[in-house]
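Assembly of the complex is requested from the two constituent chains, each provided in isolation within its own frame, with the hints serving as guidance.
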Amino acid sequence: MGCPGVRPDASTYGEGFEKVSKDFLVAMDFQSDAAVLADLLGRTASGDRAAFSRLYDLTKAKLFGVIRRILVRADLAEEALQESYVRVWSNAYRYDSSHASAMTWMIAIARNQAIDLKRKANERVAAQAVALEDVSLPAAETSAEDSADYRRLRQCLGGLAEDGRDMVLLAYHQGYSREELAQRFSRPVATVKTILRRSLAALKECLDGKR
Amino acid sequence: MASADNPDRDDAAEYALGTLDAAERTAFEARMAADPALAAEAAAWQDRLATLHAETEPTEPPAHLFADILRRLDDAAPNNVVMLKRSADLWRRATIAVSAIAAALLIAIAVRAPWQQPEQKGLYVAVLQGQGTQAAYVAAVDVKSKMMIVRSLGARAPDAHSYELWALGAGRAAPQPLGVIEAVARMPSEQLGRTSEAALSDTTLAISLEPVGGSPTGAPTGPVLFTGKLLPAN
Numbered sequence: 122m123g124c125p126g127v128r129p130d131a132s133t134y135g136e137g138f139e140k141v142s143k144d145f146l147v148a149m150d151f152q153s154d155a156a157v158l159a160d161l162l163g164r165t166a167s168g169d170r171a172a173f174s175r176l177y178d179l180t181k182a183k184l185f186g187v188i189r190r191i192l193v194r195a196d197l198a199e200e201a202l203q204e205s206y207v208r209v210w211s212n213a214y215r216y217d218s219s220h221a222s223a224m225t226w227m228i229a230i231a232r233n234q235a236i237d238l239k240r241k242a243n244e245r246v247a248a249q250a251v252a253l254e255d256v257s258l259p260a261a262e263t264s265a266e267d268s269a270d271y272r273r274l275r276q277c278l279g280g281l282a283e284d285g286r287d288m289v290l291l292a293y294h295q296g297y298s299r300e301e302l303a304q305r306f307s308r309p310v311a312t313v314k315t316i317l318r319r320s321l322a323a324l325k326e327c328l329d330g331k332r
Numbered sequence: 341m342a343s344a345d346n347p348d349r350d351d352a353a354e355y356a357l358g359t360l361d362a363a364e365r366t367a368f369e370a371r372m373a374a375d376p377a378l379a380a381e382a383a384a385w386q387d388r389l390a391t392l393h394a395e396t397e398p399t400e401p402p403a404h405l406f407a408d409i410l411r412r413l414d415d416a417a418p419n420n421v422v423m424l425k426r427s428a429d430l431w432r433r434a435t436i437a438v439s440a441i442a443a444a445l446l447i448a449i450a451v452r453a454p455w456q457q458p459e460q461k462g463l464y465v466a467v468l469q470g471q472g473t474q475a476a477y478v479a480a481v482d483v484k485s486k487m488m489i490v491r492s493l494g495a496r497a498p499d500a501h502s503y504e505l506w507a508l509g510a511g512r513a514a515p516q517p518l519g520v521i522e523a524v525a526r527m528p529s530e531q532l533g534r535t536s537e538a539a540l541s542d543t544t545l546a547i548s549l550e551p552v553g554g555s556p557t558g559a560p561t562g563p564v565l566f567t568g569k570l571l572p573a574n
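In order, the protein sequence lines correspond to chains A and B.
The numbering used here numbers the first residue of the first sequence as 122 and each following residue consecutively.
The numbering used here numbers the first residue of the second sequence as 341 and each following residue consecutively.
Just so you know, these hints were derived from the structure itself, not from any lab.
Cβ atoms here follow ideal geometry from the backbone N, Cα and C, with glycine treated the same way.
No incorrect hints appear here.
Which residues of chain A face chain B? A few of them, derived with a C-beta cut under 8 Å, are:
1. Tyr271
2. Val289
3. Ser298
4. Leu328
Isolated chain B, as found in the complex (with noise of 0.2 Å):
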């Protein structure tokens, strides 16, 4: 019929209708996840399909269930670096310019959920930015895992450019490399030498096109295009 050459498009209209067994379900899951098209055809559907419910009699649930899904929340309780992935997918997607205050401002907020406790020591966040208003990179660290994590917000480099990370301030006498980057770096936060509070609270990151692989010097060599400075998120 109309689509039987497609037999993506096919499982993407049974997915949204819920006919796929479970093995289907699941490699169509995965193939979606990457996907972005697929993912939409599915969405499609499933806006489609949803119009039916207009039909569907809203029915009220017990009083004590959401008590019981409040408490469920704080075993899905998402860590930092997690948390600021989402803050990092939310913003790409919103693709909206924002100043490099009102950014740190925003993960400030976003990692300072209410359901974590009030002690939340040891986070710091940096969003690097270039000439313009748009962040480019989120950084954060994370003192208590000892985990630094940089991640995109949608820039990349150039073909036949690699993007390279440095820190700067907090008494360094040179711009300190911490390797070419894409769209996520994690890393152990050691790799900044100095982690003390004073001197995360001093140091700012700094992105440089580099010819591919990084600097070939140890110091960069092309120009600076992003730089943001670590803050405290609380």
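Next comes chain A alone, as it looks inside the complex (with noise of 0.2 Å):
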């Protein structure tokens, strides 16, 4: 069945079969990291630290790339991402690939620790001002690249009201309480509660109804 390594290229098969042949092979590459990323979380589940040594190299740019953007003091984002992978560890064994990819779920721990310190952080220092990074919205142009998930997700999104959209970015991306919504927003805490969840049922709707 032809070469190992050797992919047709658009000369052969014309501009049609480039595009399917491509979104078929972004697929698979993010099948097979998925299965890598699984495998190797069963792994550790079960105490192989050779295992979590490969787990934490493929995966801590991007869970250091997502505290970040939650906590914006470095010595707060490397003890938050110390701590997430002191989780993945202990709690390797309760990962559930019929419940999520590999990478959501070290995802979401990620994050749940990220808030955590910054939550105490801005306790400890009450009056601090937040540094007020810019919402940054899903650029409007796709790419390839770019999964048939997240394209969705970003015409979803794309669909809520402003307030809305901005809201749930920055508190995923940021981490923001509803409090801090509230201020940056000049909304009472309650509105934007109500907001919020207007927004994600929207959101919801949108990407069920797109399936």
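Here it is in structure tokens:
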């Protein structure tokens, strides 16, 4: 079945095939990554330090990126990363591949750690101004490398009312609490809660509707 | 709005988003622990939202961090009983039919995790299975902590019946009753009566089907459904 490693190119099959083939390869790479991570997580659950070390190498930059968006202070971000991986180690046996991908599961752990530390740090320095990074809306342009899921999510986010969308993104990426959002948007906390819930419900409806 | 009538679902979404306050989050995690459907809902939300991280730039953490993490793992090292529970959880989820020998090997590997001291004496494990190849229960005896734990891998007694655990062999004239067991049973290993290494290596555990509350006679009255021999884990 052909030579391994040789991929058909556009000149052989035309542009349509190139597009399909590219999507397929992106999907395949993603699949195999996911399977590798799930396998490493499974071996971590049984105490395999080599597997844990490999898992760390493959995921540290992504998790640190996730954490750094929430925790601007480098020392706190490093603390959160350490705590996250200790949790990955001791909770790996709870990971259920039927619920979520390994990456999603690890990102959730990292976000929880980062948000915890952020809230604690905010308590310590209650009045300190939080560095207000601009809301980073997903870029309007899509590229071929984006997964179908990402494109769909972006489309659905685009359909939300602006305040709601910005609140969801600030909460997700930068770990904003309802209180911080209330301050930033000059709205009562209860209103923020309502807007968040309404936006999430609309997001889910949009995502599910397009499946 | 769409889910105003279902506060749990809203909580699952906000839990994944990270905007529940500390008290709400703790309460939600407690509910989630008791409600797999709610846990699945939260996981689905985490999955939906994690897609957003396609646009998060990977950032290389400082190189020294991993050494610090490894040092902290030693403190987080679980004990044998926890380990067995982990293995059991994994197996239950995997719902893979394994032969007793393969399963015993898996346990042996799992309990000999690399973080543990090379001297891991005094741990005995058994995989109890029936006619098929499906493992039904796992058991471990830790001589050091003098504890025995028996855990179901999903098997449970049918309605109006109980499972009862027995010890056989090692010179016992008759099956020795160890009590009715449900999903998990923990007991002092002294209950086995014979706890020398030689006796443990020669002990077989068995589970019989009995009326609710266990055998009325002190001997198995129903069929023996699952058996497994204790093996040293090292």
